[in-house]
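Q: Take a look at the letters that make up each chain.
Protein chains: 2
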Amino acid sequence: MEVELKEMLDDLLSLRQSLSDPSLHASIDKLQSHVDRLTHLAKSVPVQRSKVKDMSSEVVDSNPYSRLMALQRMGIVENYERIREFSVAIVGIGGVGSVAAEMLTRCGIGRLLLYDYDKVELANMNRLFFRPEQVGMTKTDAAVQTLSDINPDVILESYTLNITTVQGFETFMSSLKNKTFRPTKEGSGVDLVLSCVDNYEARMVVNQACNELNQTWMESGVSEDAVSGHIQLLIPGETACFACAPPLVVASGVDERTLKREGVCAASLPTTMGVVAGLLVQNTLKFLLKFGHVSPYLGYSSLKDFFPTMAMKPNPQCSNAACLERQKEYLLAKPARDAAAKAKMEAEAKATVTDVPLHTDNEWNISVVDDNEPESTCGTSSDVLPEGLTHELPTADEFPKPHASGAPDMAIDDLEDLRRQLDALNA
Amino acid sequence: MEVELKEMLDDLLSLRQSLSDPSLHASIDKLQSHVDRLTHLAKSVPVQRSKVKDMSSEVVDSNPYSRLMALQRMGIVENYERIREFSVAIVGIGGVGSVAAEMLTRCGIGRLLLYDYDKVELANMNRLFFRPEQVGMTKTDAAVQTLSDINPDVILESYTLNITTVQGFETFMSSLKNKTFRPTKEGSGVDLVLSCVDNYEARMVVNQACNELNQTWMESGVSEDAVSGHIQLLIPGETACFACAPPLVVASGVDERTLKREGVCAASLPTTMGVVAGLLVQNTLKFLLKFGHVSPYLGYSSLKDFFPTMAMKPNPQCSNAACLERQKEYLLAKPARDAAAKAKMEAEAKATVTDVPLHTDNEWNISVVDDNEPESTCGTSSDVLPEGLTHELPTADEFPKPHASGAPDMAIDDLEDLRRQLDALNA
Numbered sequence: 000m001e002v003e004l005k006e007m008l009d010d011l012l013s014l015r016q017s018l019s020d021p022s023l024h025a026s027i028d029k030l031q032s033h034v035d036r037l038t039h040l041a042k043s044v045p046v047q048r049s050k051v052k053d054m055s056s057e058v059v060d061s062n063p064y065s066r067l068m069a070l071q072r073m074g075i076v077e078n079y080e081r082i083r084e085f086s087v088a089i090v091g092i093g094g095v096g097s098v099a100a101e102m103l104t105r106c107g108i109g110r111l112l113l114y115d116y117d118k119v120e121l122a123n124m125n126r127l128f129f130r131p132e133q134v135g136m137t138k139t140d141a142a143v144q145t146l147s148d149i150n151p152d153v154i155l156e157s158y159t160l161n162i163t164t165v166q167g168f169e170t171f172m173s174s175l176k177n178k179t180f181r182p183t184k185e186g187s188g189v190d191l192v193l194s195c196v197d198n199y200e201a202r203m204v205v206n207q208a209c210n211e212l213n214q215t216w217m218e219s220g221v222s223e224d225a226v227s228g229h230i231q232l233l234i235p236g237e238t239a240c241f242a243c244a245p246p247l248v249v250a251s252g253v254d255e256r257t258l259k260r261e262g263v264c265a266a267s268l269p270t271t272m273g274v275v276a277g278l279l280v281q282n283t284l285k286f287l288l289k290f291g292h293v294s295p296y297l298g299y300s301s302l303k304d305f306f307p308t309m310a311m312k313p314n315p316q317c318s319n320a321a322c323l324e325r326q327k328e329y330l331l332a333k334p335a336r337d338a339a340a341k342a343k344m345e346a347e348a349k350a351t352v353t354d355v356p357l358h359t360d361n362e363w364n365i366s367v368v369d370d371n372e373p374e375s376t377c378g379t380s381s382d383v384l385p386e387g388l389t390h391e392l393p394t395a396d397e398f399p400k401p402h403a404s405g406a407p408d409m410a411i412d413d414l415e416d417l418r419r420q421l422d423a424l425n426a
Numbered sequence: 000m001e002v003e004l005k006e007m008l009d010d011l012l013s014l015r016q017s018l019s020d021p022s023l024h025a026s027i028d029k030l031q032s033h034v035d036r037l038t039h040l041a042k043s044v045p046v047q048r049s050k051v052k053d054m055s056s057e058v059v060d061s062n063p064y065s066r067l068m069a070l071q072r073m074g075i076v077e078n079y080e081r082i083r084e085f086s087v088a089i090v091g092i093g094g095v096g097s098v099a100a101e102m103l104t105r106c107g108i109g110r111l112l113l114y115d116y117d118k119v120e121l122a123n124m125n126r127l128f129f130r131p132e133q134v135g136m137t138k139t140d141a142a143v144q145t146l147s148d149i150n151p152d153v154i155l156e157s158y159t160l161n162i163t164t165v166q167g168f169e170t171f172m173s174s175l176k177n178k179t180f181r182p183t184k185e186g187s188g189v190d191l192v193l194s195c196v197d198n199y200e201a202r203m204v205v206n207q208a209c210n211e212l213n214q215t216w217m218e219s220g221v222s223e224d225a226v227s228g229h230i231q232l233l234i235p236g237e238t239a240c241f242a243c244a245p246p247l248v249v250a251s252g253v254d255e256r257t258l259k260r261e262g263v264c265a266a267s268l269p270t271t272m273g274v275v276a277g278l279l280v281q282n283t284l285k286f287l288l289k290f291g292h293v294s295p296y297l298g299y300s301s302l303k304d305f306f307p308t309m310a311m312k313p314n315p316q317c318s319n320a321a322c323l324e325r326q327k328e329y330l331l332a333k334p335a336r337d338a339a340a341k342a343k344m345e346a347e348a349k350a351t352v353t354d355v356p357l358h359t360d361n362e363w364n365i366s367v368v369d370d371n372e373p374e375s376t377c378g379t380s381s382d383v384l385p386e387g388l389t390h391e392l393p394t395a396d397e398f399p400k401p402h403a404s405g406a407p408d409m410a411i412d413d414l415e416d417l418r419r420q421l422d423a424l425n426a
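Protein chains in written order, with numbering that gives the first Met the number 0: chain H, 0 to 426; chain A, 0 to 426.
No wet-lab data here; the hints were simulated from the structure. Each hint should be verified, as a subset may be incorrect.
As the list claims (entries may be wrong) - When the alpha-carbon atoms are kept at most 25 Å apart in a straight line, the in silico DSS-like pairs for lysine-lysine are as follows:
| hint | chain 1 | residue 1 | chain 2 | residue 2 |
| --- | --- | --- | --- | --- |
| 1 | H | K178 | H | K52 |
| 2 | H | K5 | A | K5 |
| 3 | A | K312 | H | K303 |
| 4 | H | K349 | H | K289 |
| 5 | A | K343 | H | K303 |
| 6 | H | K118 | A | K343 |
| 7 | H | K5 | A | K50 |
To be verified - Negatives, chain A to chain H, calculated, CB over 12 Å:
| hint | residue |
| --- | --- |
| 8 | L11 |
| 9 | E185 |
| 10 | L323 |
Note that CB positions come from ideal geometry on N, CA and C, so glycine has one too.
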């Protein structure tokens, strides 16, 4: 817009010079003031932040990554910047998928692949992310618009397609296989697939794709009454796949979306979907950056704030042929896995022994710790805090010592003390 | 912008008519095409959605409330539209407060009061809500800009102030007391205060204000290592206040914000903050719309997906004088509370008895249910599903019956069956 306005100003100036009649100069002046005001208006249009080459941990207001790189200094993550190497595919950019995409974008993920065929509607406005002015856009286009403004460092690939169609499934599969972003990566071209779809058919398609590609993925969902949700980790062959334990009741011969919309429209809440997206992406970060424990299944029942967990083994009678293949591979690889685990344990045990050579005859590895803390220069108390911090409550040492006379006296003191407190309350 | 461009076009046309030299018409044409292109560009600037008078439950794409009103049909909430009567104050519009404000805005809350004194920085971009183009704006202004675009039905009041200053505290108190929005409301002018601040001093100020006003509030927080958080319900006199059990270590003589920034910059994640905001607003909805159970305290430990809960009674030796006053009032009101609870229980018991007048001598209220379901016209099976639904797995009746010959035969069958499955896997 600025370029257009600049050109227009130049054209006006040359027109003024060509005008023989000076009485027309006033018209040119008026036009020029229009351009000035438009230039001023155009300046209030958003400006993107520029790309950042390296993630810096510098603590300045202008660093979008300082609070993430601080995870390293806090000892939570070993190497945060590795996040730039990872690709995550999000299938379904609705109430959960869009928020998951925004979280990963703000965390500085390397590459996001987004899949959806739907358009933004006003009826979506009770969930986070999409804005009323995006109504009518495809969810993928609207997401790319918002996400690229938020973090231009993330590579965004959007696919406006329905994965449950033959053509859509083919494109879905080839996009997952594409390794241009990191050619040295083993397996598929993505590190994790997040399923954020709202129907059984689409879940079964993601399941099929991931079983075929031997691709680890995470399932997510919210209940039709909007007050419960879940996330689930699926590792082909190792954990139950989605077909190993399918839902007991599913749609048949009817589009599940229509079924939901006519009269039985599903409820939804930004809270439940925000929590599920948060739990999903938190487990994604734990999985990719190798910290904490990735939950195999985590439920969220909001009426009672109950969070059930469980683990599901694969079903040897699963109806999905690719799942059975992955199960077989997993069983065959058991001896190699056991040997690797044993070798790792032995190496760690050896390292521990080497690190602490106390006494050769100290078979229990007992160590004696000096609790005088001779390295502290602040005093002899072990309760000394860094400058600027103070204890809000007195320490045990600072409390008045009880009478030396023993238990009976103390009991009377306590009762009298209680009576005083009660009097004070009733005063 | 459209008005400016329209005027400019008119001016150009009148200029063309004043021009005697036709060779200059080309210049006018060129200027006109500039205006056309600018008009096209201006059209991509956001348009707001119009206000909605009543919350409709109509299931159409253009209804922003259909999925919320569905909570009534699903039996979760008795009267969803009551949400328009409520006022919620959010103190601290950072990583948790801004997302909480967006959730409540999308849920169609009546009125939001927002308090913050800080400005948006690029260093905030690793959390949800604020966008890079808002850098430099106050958080309150940026929030009002975004939230009024999302839902113009919500009344937004923003206060750019620091509640820990004398002047700021006075404005904070008088804004909470203001009852213009709902003059008939008992107590203060707000239904709930959400504390989303990041330091001890500000929490103590919110605590002081709420104890003085006898105002129920919810506390929230995230840990400095970004992987834990909590929410807490505080009802003056009934539950522990923030001063009843203060943190063991707090800042002293130093601004806590400076303390955090120099070298020990706190880490933060959009996931943890999104989950905490979601749990906070979900409990806010349960509290306001009276459904489910409001958690007195709920922790979130993300490394292990652990969610501890607990309840804390007030401390009779609390250092906060207003808390002690509220405790005294609560104790004094106990007989009235007990009587009300008893009357309610008796009324409910009576209603149950009146509803089920089986037999006057049926003192155990035993009822006999006919399991032939005579009202069903679809068949005699109780497993008949509505049209469009089907059972994904066979029912127990459809499984082949075991041999009648008894246990020994069955055991052999099972073993052979297992061997066949193993062979199939190894095939």
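Q: Could you work out which of the previously given hints the structure breaks and list their numbers from low to high?
A: Violated hints (numbers, rising): 6, 7, 8, 10; every other hint is consistent with the structure.
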